[in-house]
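> The lines below spell out each chain.
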Amino acid sequence: MAKPFREVLKTKSFVVTAECGPVKGSSVSKAVEHIELLKDKVDGLNVTDNQSSVMRYPSLGICVLIKEHGGEPILQVTCRDRNRLAIQADLLFAYSRGVKNILCLTGDSIDVGDHKEAKQVFDLDSVQLIHLVHTMNSGKDMAGNELDGAIDFCIGTTGTPSADPLEPQLVKVEKKLAAGVEFIQTQAIYELDDLKRFVESVRKTDDKVKILGGIVPVIGAKMAAYMNENVPGIFIPQRIIDELAQAPKGTGVAKGIEIAARMIRQMKEERICDGVHVMFIGREDKVPDILGAAGLL
Amino acid sequence: MIIAERKPMEEIRQLIAPYKKVLVAGCGTCVTVCWAGGEKEVAMLAAQLRLAGNVEGSELSVLEATVERQCEREMVAEIKDKVAEVEAVISLACGSGVQTMAEMFEDKPVFPGVNTTFIGMPEREGLWVEMCGACGDCFLDRTGGVCPVVRCAKGLLNGPCGGTRRGGKCEIDPDKDCAWVLIYRRLEKQGRLDVMRKYYTPKNYRAVKRPGKVQAAKA
Amino acid sequence: METKTGVFVCNCGRAIKNIDFDVVAGKVAKFPGVACVNLSSDLCLEEGRKKMLSWIKEGNIDRVVVAACSPEFSEHVFREVLEKGGLNGNLLSMANIREQCSWAHEGDVTEKAVELVKMAVNRAQTLQPVEKKELPVNKEVLVVGGGFSAISTALQLSRIGLRATLLEKEAVLGHELGKLERFYGSNPSVMISAVEGDKNIEILASAQMTAVEGKVGDFRVGIRKDREEVFRKYGAIVLATEYTTDLALDSGMKSSRNIVSQEQLSNMLRDPRLETKPKSVGFVFDFSDENSRFATLATLHNALEAKKDWGSEVYVFYRSVKVDSEGLEKLYQEARDCGVVFLKCEVAPKITAENGQLKIEARDVFLGEDLALACDVLVAEELYLPVDGAGKLSSLLNIRRDSKGFFQDENVHLYPVGSERKGIYFIGGCRGDLDLGRVLADISSVVMDIHELLSSGRAVVDVERVRADPQKCVACLTCIRVCPHGAIQLVRSDNSKEVAGISDLACYACGICAAICPAKAIVFKGYGDDEILAQIEAVKESLNGRNVAFCCEHSAYPAADLAGRLRLHYPQNLRIIRVPCAGQVDVFHILKAFENGAARVLVMGCEEGACHHITGNTRARDRVKYCDTLLKEVKIDGRSVVMFNLSPNAPHKFVRAVSEMIKTTKESGR
Numbered sequence: 014m015a016k017p018f019r020e021v022l023k024t025k026s027f028v029v030t031a032e033c034g035p036v037k038g039s040s041v042s043k044a045v046e047h048i049e050l051l052k053d054k055v056d057g058l059n060v061t062d063n064q065s066s067v068m069r070y071p072s073l074g075i076c077v078l079i080k081e082h083g084g085e086p087i088l089q090v091t092c093r094d095r096n097r098l099a100i101q102a103d104l105l106f107a108y109s110r111g112v113k114n115i116l117c118l119t120g121d122s123i124d125v126g127d128h129k130e131a132k133q134v135f136d137l138d139s140v141q142l143i144h145l146v147h148t149m150n151s152g153k154d155m156a157g158n159e160l161d162g163a164i165d166f167c168i169g170t171t172g173t174p175s176a177d178p179l180e181p182q183l184v185k186v187e188k189k190l191a192a193g194v195e196f197i198q199t200q201a202i203y204e205l206d207d208l209k210r211f212v213e214s215v216r217k218t219d220d221k222v223k224i225l226g227g228i229v230p231v232i233g234a235k236m237a238a239y240m241n242e243n244v245p246g247i248f249i250p251q252r253i254i255d256e257l258a259q260a261p262k263g264t265g266v267a268k269g270i271e272i273a274a275r276m277i278r279q280m281k282e283e284r285i286c287d288g289v290h291v292m293f294i295g296r297e298d299k300v301p302d303i304l305g306a307a308g309l310l
Numbered sequence: 049m050i051i052a053e054r055k056p057m058e059e060i061r062q063l064i065a066p067y068k069k070v071l072v073a074g075c076g077t078c079v080t081v082c083w084a085g086g087e088k089e090v091a092m093l094a095a096q097l098r099l100a101g102n103v104e105g106s107e108l109s110v111l112e113a114t115v116e117r118q119c120e121r122e123m124v125a126e127i128k129d130k131v132a133e134v135e136a137v138i139s140l141a142c143g144s145g146v147q148t149m150a151e152m153f154e155d156k157p158v159f160p161g162v163n164t165t166f167i168g169m170p171e172r173e174g175l176w177v178e179m180c181g182a183c184g185d186c187f188l189d190r191t192g193g194v195c196p197v198v199r200c201a202k203g204l205l206n207g208p209c210g211g212t213r214r215g216g217k218c219e220i221d222p223d224k225d226c227a228w229v230l231i232y233r234r235l236e237k238q239g240r241l242d243v244m245r246k247y248y249t250p251k252n253y254r255a256v257k258r259p260g261k262v263q264a265a266k267a
Numbered sequence: 008m009e010t011k012t013g014v015f016v017c018n019c020g021r022a023i024k025n026i027d028f029d030v031v032a033g034k035v036a037k038f039p040g041v042a043c044v045n046l047s048s049d050l051c052l053e054e055g056r057k058k059m060l061s062w063i064k065e066g067n068i069d070r071v072v073v074a075a076c077s078p079e080f081s082e083h084v085f086r087e088v089l090e091k092g093g094l095n096g097n098l099l100s101m102a103n104i105r106e107q108c109s110w111a112h113e114g115d116v117t118e119k120a121v122e123l124v125k126m127a128v129n130r131a132q133t134l135q136p137v138e139k140k141e142l143p144v145n146k147e148v149l150v151v152g153g154g155f156s157a158i159s160t161a162l163q164l165s166r167i168g169l170r171a172t173l174l175e176k177e178a179v180l181g182h183e184l185g186k187l188e189r190f191y192g193s194n195p196s197v198m199i200s201a202v203e204g205d206k207n208i209e210i211l212a213s214a215q216m217t218a219v220e221g222k223v224g225d226f227r228v229g230i231r232k233d234r235e236e237v238f239r240k241y242g243a244i245v246l247a248t249e250y251t252t253d254l255a256l257d258s259g260m261k262s263s264r265n266i267v268s269q270e271q272l273s274n275m276l277r278d279p280r281l282e283t284k285p286k287s288v289g290f291v292f293d294f295s296d297e298n299s300r301f302a303t304l305a306t307l308h309n310a311l312e313a314k315k316d317w318g319s320e321v322y323v324f325y326r327s328v329k330v331d332s333e334g335l336e337k338l339y340q341e342a343r344d345c346g347v348v349f350l351k352c353e354v355a356p357k358i359t360a361e362n363g364q365l366k367i368e369a370r371d372v373f374l375g376e377d378l379a380l381a382c383d384v385l386v387a388e389e390l391y392l393p394v395d396g397a398g399k400l401s402s403l404l405n406i407r408r409d410s411k412g413f414f415q416d417e418n419v420h421l422y423p424v425g426s427e428r429k430g431i432y433f434i435g436g437c438r439g440d441l442d443l444g445r446v447l448a449d450i451s452s453v454v455m456d457i458h459e460l461l462s463s464g465r466a467v468v469d470v471e472r473v474r475a476d477p478q479k480c481v482a483c484l485t486c487i488r489v490c491p492h493g494a495i496q497l498v499r500s501d502n503s504k505e506v507a508g509i510s511d512l513a514c515y516a517c518g519i520c521a522a523i524c525p526a527k528a529i530v531f532k533g534y535g536d537d538e539i540l541a542q543i544e545a546v547k548e549s550l551n552g553r554n555v556a557f558c559c560e561h562s563a564y565p566a567a568d569l570a571g572r573l574r575l576h577y578p579q580n581l582r583i584i585r586v587p588c589a590g591q592v593d594v595f596h597i598l599k600a601f602e603n604g605a606a607r608v609l610v611m612g613c614e615e616g617a618c619h620h621i622t623g624n625t626r627a628r629d630r631v632k633y634c635d636t637l638l639k640e641v642k643i644d645g646r647s648v649v650m651f652n653l654s655p656n657a658p659h660k661f662v663r664a665v666s667e668m669i670k671t672t673k674e675s676g677r
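Chains as they are written, first to last, in this note's numbering: chain A, 14 to 310; chain B, 49 to 267; chain C, 8 to 677.
These are calculated hints, taken from the structure and not from any lab test.
The structure presented is a predicted model; accordingly, all values stated were derived computationally and were not measured.
Using N, Cα and C, we set each Cβ at its ideal position, and we do this for glycine too.
Among the hints, a few may not be true.
Said to hold, decoys possible - Below, a list of computed lysine-lysine pairs in the DSS-like style, where the Cα atoms sit at most 27 Å apart:
| id | chain 1 | residue 1 | chain 2 | residue 2 |
| --- | --- | --- | --- | --- |
| 1 | A | LYS223 | B | LYS246 |
| 2 | C | LYS176 | C | LYS206 |
| 3 | C | LYS639 | B | LYS55 |
| 4 | B | LYS69 | C | LYS639 |
Said to hold, decoys possible - Here chain A is said to cover these stretches of chain B; the calculated rule only asks that three of the stretch's residues, wherever they fall, bring their Cβ under 8 Å from a Cβ of chain A:
| id | segment |
| --- | --- |
| 5 | 199-205 |
| 6 | 218-228 |
| 7 | 237-245 |
Next comes chain A alone, as it looks inside the complex (with noise of 0.2 Å):
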């Protein structure tokens, strides 16, 4: 049985999770898969929820099958999909069948995702959701009826510390540190200096809230000049595309699981933030390597 996500914050030194993407589709041998070979390797595991607005399993479905095989699921809650009665109600399942550590999401829009007709819900955005959650920690539901049963999840949101302009984003982290959160896992990393800066500013705030650095292996130059130019929030410096770029050819994958090491590696001796957040959707089997490559296994 795995420790519970919100002890582990308060005593390990340098905290460690990792992201497990649903398929499309009611077979869950895959997901199965990789619980099995990530739960006693991470403190938590992460589900995205229809990751990038394509419809997927539930994360939800997902995080109870980690409950039930030992480990320590993470749900990912959006708000663009579900309005506020159908989260609550999620989230009464949820704690009922013992996930009990929330990430809270704005999502992503439906058009980059493949129900490009849909209509997004977005009844709540990411603060509001943190304050609903702890509402319902408080034994209440949003309209204020009590509820039956004691809740207490551990409430965690994201960051991102490249942003461009940053003021803005500061302005919302600060909303939310406000509404109170136990852990932050940023968005993607590729400039340490960024992520410094991010961590600063959060601490004139809050000094208890654990920063979890994301980090995202970019796999090639292509790839990476693809997701500086089109994916918001990331920036990748001119130095790793030309790391990228000079190794040779196949060789993309360890290219990148070695950069993304390096850089936890740093994360972690520099003490630059409280854990890391690896997310390698897609090539979930391969984040053991990136673990042993940082040290942290």
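Chain A is already provided as a structure; the job is to place chains B and C on it using the hints.
Showing chains B and C alone in chain A's frame:
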């Protein structure tokens, strides 16, 4: 003002395919100003339809009429004679005008010739942008006069989301500004960033229960 | 409306041989609304005009059609005849049966002539009178600036009896005048005292423009002086702000003590306390900016002085020395004779500092060798730039600037001193033009123009030739934003509604507003929808297979006339509709032409960048593109609309465009 855009020609022609005599009805207010359905657009569409009608060898007689405001029964009544002459009407007014026409002339099919898109303003001549979502619960005071309900792609009240592109552009469309960056800058100029730092509770999405109705106080 | 049109046909001294005038007269007499047809052979001569006048007086007609030579040639002549005969001059419509018919085609052109007359008759029947009236205009002129151009303008205006206000940002006038003294030997203090003593000239120093409202004859200008803002009224505004200079160097080199500007060198030459005379002086010019003769003057002058006064070695690095201004060639000769060394280079020399000395490396074109010279002092190339605040002036006055930031686009129709707004002029440095000879000529131009405009205190205008109907105007502001001449404002109509108001004096009658008005509220007498549609309707029966060309009167129409004059032939089945600007042709005019059977439509306007009305040809181009998509939407084959740009002196281009278009018409079998 209400902004509309003419429907694709294929769609319009499909709508009137079964008919031999139609009326193109314009409106002299919003759709005139946004170049979608005024007297001029009526003339252009009618000319196109007549040309197209001839080419296919089928007869198509097209009448033209423009009403000052198509959402007023009294004004619509002024063209009743022309409506009586035709088999169907293509209205270039906004949805409000189309429905008024349909109500006034219940026995005639009235088809929409434009797509009503939003309440907006001209950014410059020929370019209109969405400004207001008619949500019935205006809070522009808190956002420095920039409406996140329609100008933020996700309608967030505590924005921005993490998807803002470099330079302050929207996740969805790099040509559009991130509304929350605009809000930040506006409030910064006014020295009111504390307003943005406040937490805003979830929106009352039932402020206007559709179909909406507003009764003015008796004069 | 019932009208009685009198048609006058001229055979141009019997020189027109390929039209059967009897047939024409016979057919025309049968057109509805035609009261009489008169044949003549000398309509524009005194005899012919007298006869025409008596026919008008007797014939009881209220519209006149003249089928003869081009209206560009004779319209004003016949307008006068109408006025003499008691008819409003605007009730004249002309059929161009000479340049654009008889002379343009081979073989018999009787049928086409008849059709051209029919178009003119139809048009005549839609014409409305345009009255004239006198408007009072403010006779005072605002001259912005305090340098040579501004002061000279004010003095010349005063000489012709007009009062001028000099508006200068700095505390004193003429702080740039020293340059003139140096290079032209004039005495600035004489100018300053002349201006200060002149009763007709008011000097407002330390003052700035804050707002400009209104239009020619009636500008209201906000001026801030000593923290107070006042509003003054003027009939015309002349911008005579000067320019500023910068050195064409990297910022690193700019701070080098041995690199100076022309002015600094002049000061050195005059400085009695100069300790060491430089042994070698270098000049660099003409690599960045080709246009300034002032740079040439300054360089030659200073180079010569340096040679004569200091006896230094003087090197001038140049790309070309252009001496097409007064006195320059002589100066150049003198400089060479004195021993100034001129080095022609293709690219600007490389300048570096080595051990406190300047090293200049360049490749001399004539020697074909790379040179490296050391200089004690180098006069770097100067860039002439618009003053700070030019941008603000531009938006206050609602006037464009060119790509370098100077006023006065290189638009040939506005050249040399006008702007796109009547009553606003530019001279001198703010135009990027620094050559004194040209500046003096420009000042005379401006003063003459202003004299014509304002001296009588009254201007004669066409009353409401272009008018926004307050009943139909929805105040969408499109015309106000779009008018290239700034002639439209929001005004209150009789029933207090806010509508667009077009100023009769500031309007150029281009019709761009009429074409773009989404409510079709703007009526343009003479060239409006009714007039254009009437001409198209006139040839409906024969329009099948015909081609229609909307020709702008500043470009394609005169080009077509010139083609006729040169007897350049093109096929007959073209019908030309004269418009004041290509930007006045609307999409539904074009669609109506197609609806009435036309096969091809050509819209012809001025060359890009040279539209008489600035944006007309661009709008026409975009509209033609849009019209093309509308046609494609309904999959009309074999019909197309094309935009063509040309200048008025390009008859061959006209013929080529038209012939190509007609050829494709033939090929598609229509």
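> Does each hint fit the structure? Answer for all of them.
The hints, checked one at a time:
1. A:LYS223 <-> B:LYS246: Holds, because 23 Å separates the two Cα atoms, which is no more than 27 Å.
2. C:LYS176 <-> C:LYS206: 21 Å, holds
3. C:LYS639 <-> B:LYS55: 15 Å, holds
4. B:LYS69 <-> C:LYS639: Holds, because 23 Å separates the two Cα atoms, which is no more than 27 Å.
5. 199-205: holds (count 5)
6. 218-228: holds (count 4)
7. 237-245: Held - the segment 237-245 of chain B has 3 residues with a Cβ nearer than 8 Å to chain A, which meets the minimum of three.
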